[in-house]
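Under the numbering used here, the first residue of the sequence shown is numbered -6, with each subsequent residue one higher.
Be aware that a few hints might be false.
Subject to a maximum C-alpha distance of 27 Å in a straight line, what follows is the list of computed DSS-like cross-link-like pairs (lysine-lysine) [claimed, not checked]: (1) 213 - 53; (2) 206 - 60; (3) 213 - 60; (4) 206 - 53; (5) 60 - 140; (6) 140 - 206.
Calculated from the structure, these hints are not laboratory results.
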Amino acid sequence: MAQSSPPSDPNRLVLSGEIKICGLRSIDMIETAAQAGASLAGFVFVPASPRYVGSLAEAKPLVDAAKALGLRAVALVAGQGPDALASLAQALPLDALQLHGAEEPALVEAIGAAVHIPILAARAVSTARDIGDDVLPRADGLLFDAKPPEGARYQGGHGTPFDWSVLAAYRGSLPFLLAGGLTPENVTQAIRVAASHPQFAGVDVSSGVEAEKGQKDPAKIVAFVERARAAMRDARPL
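Turn these sequences into a full structure, and let the hints guide you.
This is how it looks when you write it as structure tokens:
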């Protein structure tokens, strides 16, 4: 797995052994994630998503709660330009932006220059050809997620995994999080596969810890974090 080291730049994001619970929309579920041992809290700023947090005024107490509980706050965004994202980053105490709109490298560069906070760039994966190498100098990490169903109105959170073995095709230097259809039942096996890659840095879950679309299940959050953390411990080289 990717190993952490002290960052020389405070605007860089160091990723190692992360467990990210995405699509959080209530203080109770944020507290559950923190108490279970998650490290990253994801907040969705995409209106088409059932996990949309709403306005900045609605999102701020959620982000503040996550930070107070020791979680790093990540905003999932898609389709917004540099100016809009700069305003978002100024309004909330975010630790990173997760770009989930298939942004081209030039746009990632422009967003990075505008926001002055770390960036995770998501890639929709179905086959090894979708993995590619990293050509995103402004990104601090990648998130490999399953391709959404045809006609989907938003990226991510559809509950469908991809073939994790294709991660071996990644030859880049950026650390990555694994997402896409992860659940408490399959996260152990997912980590066993992904942890053989030197840039593997953690897992990301959303729909896999829900009672229904957009509504998190506390028992599933706890089970996911416990199993993911145990699998990461087992995967560490001696």
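Given pair status - residue 53, residue 213, alpha carbons within 27 Å:
Cα-Cα ~25 Å, so holds.
Are the Cα atoms of residue 60 and residue 140 separated by 27 Å or less?
violated, 30 Å
Regarding the pair residue 213 and residue 60, is the alpha-carbon distance no greater than 27 Å?
holds, 22 Å
Are residue 140 and residue 206 close enough, with their CA atoms no more than 27 Å apart?
holds, 18 Å
Does the structure keep residue 206 and residue 53 at a Cα separation of 27 Å or less?
holds, 22 Å
Against the 27 Å threshold, does the CA-CA distance of residue 206 and residue 60 hold or violate the hint?
Cα-Cα ~25 Å, so holds.
The structure fails hint 5 only (numbered hints given earlier).
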